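**Student:** Residue numbers (the numbering used here), protein chains in the order written: chain P, 1 to 177; chain V, 1001 to 1242; chain R, 2001 to 2171; chain Y, 3001 to 3551.
For the record, the hints were derived by calculation from the structure and aren't laboratory data. Every value quoted in this text rests on a predicted model; they were computed, and no experiment measured them. Take these hints with a grain of salt, some might be off.
[What the hints assert, rightly or not] In silico DSSO-like links for lysine-lysine, alpha-carbon gap of 27 Å or less:
1. R:K2007 / V:K1191
2. Y:K3251 / R:K2015
3. Y:K3248 / R:K2015
4. V:K1089 / Y:K3248
5. V:K1089 / Y:K3490
6. R:K2025 / Y:K3248
7. P:K34 / P:K3
8. V:K1191 / R:K2080
9. Y:K3490 / P:K69
10. R:K2025 / Y:K3251
[As the list claims (entries may be wrong)] Sample of chain Y residues facing chain R (criterion: CB under 7 Å; computed from the structure):
11. T3030
12. A3069
13. V3280
14. A3284
15. I3388
16. G3391
Every residue gets a Cβ at the ideal spot worked out from N, C-alpha and C, and that includes glycine.
Here is how the chains run, residue by residue.
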Amino acid sequence: MSKAKVATIWLDGCSGCHMSFLDLDERLIELSEKMELVYSPLVDFKEFPQDVDVTLVEGSVSNEGDLHKILQVRERTRILVSLGDCAVTGNVPGMRNAIGVEPLFTRAYSQNVTVHPQRPRGAVPALLETVKPVHQVVPVDVIVAGCPPSASTIYYVVSELLAGRMPELETHTRFGA
Amino acid sequence: MPETLTNTEVVTLTINGQEVSARTDETIMEVAEEQGIRIPALCHISGLSDVGACRLCVVEIQGSPRLQPACVTRVSEGMTVTTHNDRLKAHRRTIVEMLFAERNHVCSVCVSNGHCDLQNLAVECGMQEVTLPYLAPSLQVDASHKRFVMDPNRCVMCTRCVRVCDEIEGAHTWDIMGRGVDSRVITDLGKPWGESDTCTSCGKCVQVCPTGALFEKGVSVAEMTKRRQFLPYLKTMREVQK
Amino acid sequence: MRDLLPKTAPPTADKRWRIVDTAMKRNGYAPDGLIETLHAIQETFGYLDEPSMRYVASSLRVPLSKVYGVATFYHHFQLKPQGEHSCVVCLGTACYIKGSSNLLEAVRTRFGIRSGETTPNNKLSLLTARCVGSCSLAPVSVLDGQTLPHLSPEELVEAICALDDTEEAAQ
Amino acid sequence: MNLEELESTAAHERELCAGQKCRLRVCTGTGCASAGSDRLTQALRERAKERGMEGEVTVTEVGCLGLCAEGPLVKVDATDTLYQNVAPNLADNVLDSLTGEAAGITICNEKQPFFARQNRVVLENAGHIESDRIESYIARDGYRALLHVLAEMSPADVVAAITQSGLRGRGGAGYPTGLKWSTVAKANGPRKFVVCNGDEGDPGAFMDRSVMEDDPHRVLEGMAIAAYAVGASHGYIYVRAEYPRAIKRLKTAISRAERQGLLGSSIAGTSFSFSIDLRVGAGAFVCGEETALIASVQGNRGTPRPRPPYPAMSGLWGCPTLINNVETLGSIAPIIRCGAPWYAEIGTEKSHGTKVFCLTGAIKNTGLIEVPMGITLREIVFDIGGGIPNGGKFKAVQTGGPSGGCIPEQYLDMPVDYESLREVGSIMGSGGMIVMDETSCMVDVARFFMEFCMSESCGKCIPCRVGTAEMYKLLTRIATGAATMNDLSKLEELCSMVRETSLCGLGQSAPNPVVSTLRYFRDEYLAHVQERVCPAGVCPMTARKGVATHA
Chain P
1 MSKAKVATIW LDGCSGCHMS FLDLDERLIE LSEKMELVYS PLVDFKEFPQ DVDVTLVEGS
61 VSNEGDLHKI LQVRERTRIL VSLGDCAVTG NVPGMRNAIG VEPLFTRAYS QNVTVHPQRP
121 RGAVPALLET VKPVHQVVPV DVIVAGCPPS ASTIYYVVSE LLAGRMPELE THTRFGA
Chain V
1001 MPETLTNTEV VTLTINGQEV SARTDETIME VAEEQGIRIP ALCHISGLSD VGACRLCVVE
1061 IQGSPRLQPA CVTRVSEGMT VTTHNDRLKA HRRTIVEMLF AERNHVCSVC VSNGHCDLQN
1121 LAVECGMQEV TLPYLAPSLQ VDASHKRFVM DPNRCVMCTR CVRVCDEIEG AHTWDIMGRG
1181 VDSRVITDLG KPWGESDTCT SCGKCVQVCP TGALFEKGVS VAEMTKRRQF LPYLKTMREV
1241 QK
Chain R
2001 MRDLLPKTAP PTADKRWRIV DTAMKRNGYA PDGLIETLHA IQETFGYLDE PSMRYVASSL
2061 RVPLSKVYGV ATFYHHFQLK PQGEHSCVVC LGTACYIKGS SNLLEAVRTR FGIRSGETTP
2121 NNKLSLLTAR CVGSCSLAPV SVLDGQTLPH LSPEELVEAI CALDDTEEAA Q
Chain Y
3001 MNLEELESTA AHERELCAGQ KCRLRVCTGT GCASAGSDRL TQALRERAKE RGMEGEVTVT
3061 EVGCLGLCAE GPLVKVDATD TLYQNVAPNL ADNVLDSLTG EAAGITICNE KQPFFARQNR
3121 VVLENAGHIE SDRIESYIAR DGYRALLHVL AEMSPADVVA AITQSGLRGR GGAGYPTGLK
3181 WSTVAKANGP RKFVVCNGDE GDPGAFMDRS VMEDDPHRVL EGMAIAAYAV GASHGYIYVR
3241 AEYPRAIKRL KTAISRAERQ GLLGSSIAGT SFSFSIDLRV GAGAFVCGEE TALIASVQGN
3301 RGTPRPRPPY PAMSGLWGCP TLINNVETLG SIAPIIRCGA PWYAEIGTEK SHGTKVFCLT
3361 GAIKNTGLIE VPMGITLREI VFDIGGGIPN GGKFKAVQTG GPSGGCIPEQ YLDMPVDYES
3421 LREVGSIMGS GGMIVMDETS CMVDVARFFM EFCMSESCGK CIPCRVGTAE MYKLLTRIAT
3481 GAATMNDLSK LEELCSMVRE TSLCGLGQSA PNPVVSTLRY FRDEYLAHVQ ERVCPAGVCP
3541 MTARKGVATH A
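Make the full structure from the sequences, and use the hints.
**Tutor:** Following this line, the structure appears as structure tokens:
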């Protein structure tokens, strides 16, 4: 039996969800018998592959780069998992939504800078007008709330999916905690 | 409710298919609670008057075309009530979702994370994601009071603070300003809380607040727990006095 | 009983406070006269400021926060001074489908103010109404109390400019 | 004032009118006033004086003559002619017409369907009486019903008569008036109140304004009869601040009626006492809802509370309170005077009597009309209204304001009554009737009403407070071309949720304009979403192309 292709991506988030994923510790070895990690910030692949079975998405959609990535990932993934509050609600990155991009830039790059205040241009992807949770941009199949979701929650989700079942999380996860 | 309802009688009604008897001065919420049935609610808190505003506790009553809030609807003979079904569940889920979409609730950095009625309701009602557009209003935190902080980003407009301040403390420092989605809780003439002439700093508002909108200074993320023991105590005392 | 309680003095020596006092007296200084009293203040002084709200609160023995809550609930009450001239654009259905939003836009372009705002020189305040009840004349605006029927955006701007000195408001 | 005195006042007033050689009635209704009828009155008086016709010509200011589209209107009683579009500079032409030919002024054909098809009950006096003079009202049988009730009928008889007439609440929902009266009459309370709801807030409707301005005594008489029937001794009229003229005229009317002993203590020498206070609203549509109205009359924020208890049991200060709208109370006196069977005859099986509509929008004869229930929409739009101007094509008629819906062409032959309107997804409402042609976009109309509901929501309950804002946001996405099919289904979901869970009528009916336009004009929504095109060319469609928004 061939192994399931699993990927993880990191959009606008703190990488805490990936840390929690690493907290699976020895259970990672158990999972790796059933899955192959084909793309992730934890491994060194440049191109997001075709026909991925499960992708865990950390982070919210904040800039043009995130938007580009998530559209591509959705296209190439069978089951898309929103992992953690940033992906699910916008969370901390989303706090800028109440401020607006322009005032945010002014605050960050002009008012709070004493030496050579300047705006970043070109080199980094432009910010979108508002930060969005993943499911408000593309359809999402599994929602896993938590900041971050615990290692055992992630273990449950991944092993259920690998077993061909949809995890039932309704009353198991919560925002924040 | 006027106090004219003194002639209470005992009636029989059906809640979720189960026959129960109750007094006519009891609400559906109270009777359900006695039966161990929990109806989700936000604006309702035992010990304060009920306003029927959050609509989470709406229930189906046979023969009534409209859903009725359990917290203010009194029981009557032969009433047949359904407190939980798919339709009510869907409505409750959307109501919680609306609250998350209305203000800037970021649980992970909230002082009440883990001790929050709204957060618990999201779990209870199975609200996993917000599918509605976020309204993302721009709201200023008021930290002018020497002991407490008011963060309107976490406020759900349940008016518990307004009621406890008026009904229990008697200060009526809090009220609501504006209307619709622009309404906000205010102190006195909408000035910073710390400048209030009427606030007694009793802190009751902080303790009844369901979320991290009102909290004590000095607490950090997840450190704010609310102490509500005084409300049932006061309620019992009042009943004894009556 | 109420009469035995000490009376609060008006915020200023302005004689016009008598009008406000009369309104309160007519309702027996009862708290339910709050809205009537706020009407009296606005009619007399043009808007509701902080001292006047404090005065009403203490005279009628209504909590300050309630006075503020009521004053901000009703769209009719203004908490800021209004311009010398007022232009009310009707946004009722009949007016809307006949293009009243273009009237608003025209005033905004010409005088730089949105609904609820006053020009910096205090000449002109722009307001909107939910229906002034002149639907058969849609779209209408009420300029200093006078209803202007079947308006085009240009006509409205022209009518405003024709009021004395509002021309400067645009500058 | 007793019946005898009333009759002598009436006779005296009629004599006075008959003694006037030539009476000119100038319409001062909203429409004509804005078209310059005030200046016309002044010009007529001045010119008559200058031409030495002072003794012969009497210029009187009367209420709405109806055809607002052609104002100012002047009725010349001597020649029984109605002139239209009489600008102030045409005063001389009117005076000329008294002695010779009418030149330079247009005669308004009173045989046209606009006038002929109407049946004026509530508006019977509009255009005939001078609203500031109580004698003028008395001369047209005013207060006769009140005195008759006090002398000949028991309160129970009055309730029975109103029940028999089949009158239903004209404020919107159409609750049987007799039933409401009898509930209040039976309720126990230390005091009872009668409240007249004059907080006409529907955008696109001004029926109540017209009644209060043109015939204020009719409202007072209706209230007094209601008070007698239910056992109330005090009443309030709640009028919106946007109607300064109505406020002024009602105030005058109350003091005149008090002076004549038709209001106050021991009316007409009986033991019945009834006084009326005026309360001025301050710009909140939600105060049209009964419990919000009560909160507002008591000086509070106008937020509704859950019902039951209904105001009929526990209203103002916890006392039984009867709340009726202006038009309902305006129908009372004629019902008593002409008899309940007469009124019940008019209209359809379940909707009796007449209804005043405010006909506006893309229609030739805009104005105020009163028609028997059961008339078809087609008759109203094409016969009375004269059809769509400038060769336009009828698209829909909106009734019931922000709580109502848009009715498409296929239902034009439907009778106008409470049940039929509800069946097609609209409501009678207070009587706004806005006709739309192809230049109106139904998505834009739905968005307009949602914006209204959002900013008029009191904010107390979550479904209405947040739901209206969310629906508005989704409609804006659709109108700017930024929406997906997902947004459309989300919108429909919200509609049913907000309708079912909101606390009061405002929230419960806020989705109606969206639901009805989705029902009849779904293709327009689809064009906005799928093709990013506004068929009527109204919506801006400014959204950035290619940005996917899934939810």
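**Student:** Compare the structure with each hint and give your call.
**Tutor:** Taking the hints in turn, this is what the structure says about them:
1. R:K2007 / V:K1191: Judged against 27 Å, a Cα distance of about 25 Å means the pair holds.
2. Y:K3251 / R:K2015: holds, 25 Å
3. Y:K3248 / R:K2015: holds, 24 Å
4. V:K1089 / Y:K3248: Not satisfied, since the Cα-Cα distance of roughly 52 Å exceeds 27 Å.
5. V:K1089 / Y:K3490: holds, 17 Å
6. R:K2025 / Y:K3248: Answer holds: R:K2025 to Y:K3248 is near 20 Å, not above 27 Å.
7. P:K34 / P:K3: With a Cα-Cα distance of about 5 Å, the restraint between P:K34 and P:K3 holds, given a limit of 27 Å.
8. V:K1191 / R:K2080: Satisfied, since the Cα-Cα distance of roughly 15 Å is no more than 27 Å.
9. Y:K3490 / P:K69: holds, 26 Å
10. R:K2025 / Y:K3251: Measuring from Cα to Cα gives roughly 18 Å; hence the hint holds.
11. T3030: Holds - the Cβ of Y:T3030 comes within 7 Å of chain R, reaching about 5 Å at its closest.
12. A3069: Constraint on Y:A3069 satisfied, holds at 6 Å.
13. V3280: holds, 6 Å
14. A3284: holds, 5 Å
15. I3388: violated, 13 Å
16. G3391: violated, 17 Å
The earlier numbered hints that this structure contradicts are 4, 15 and 16.
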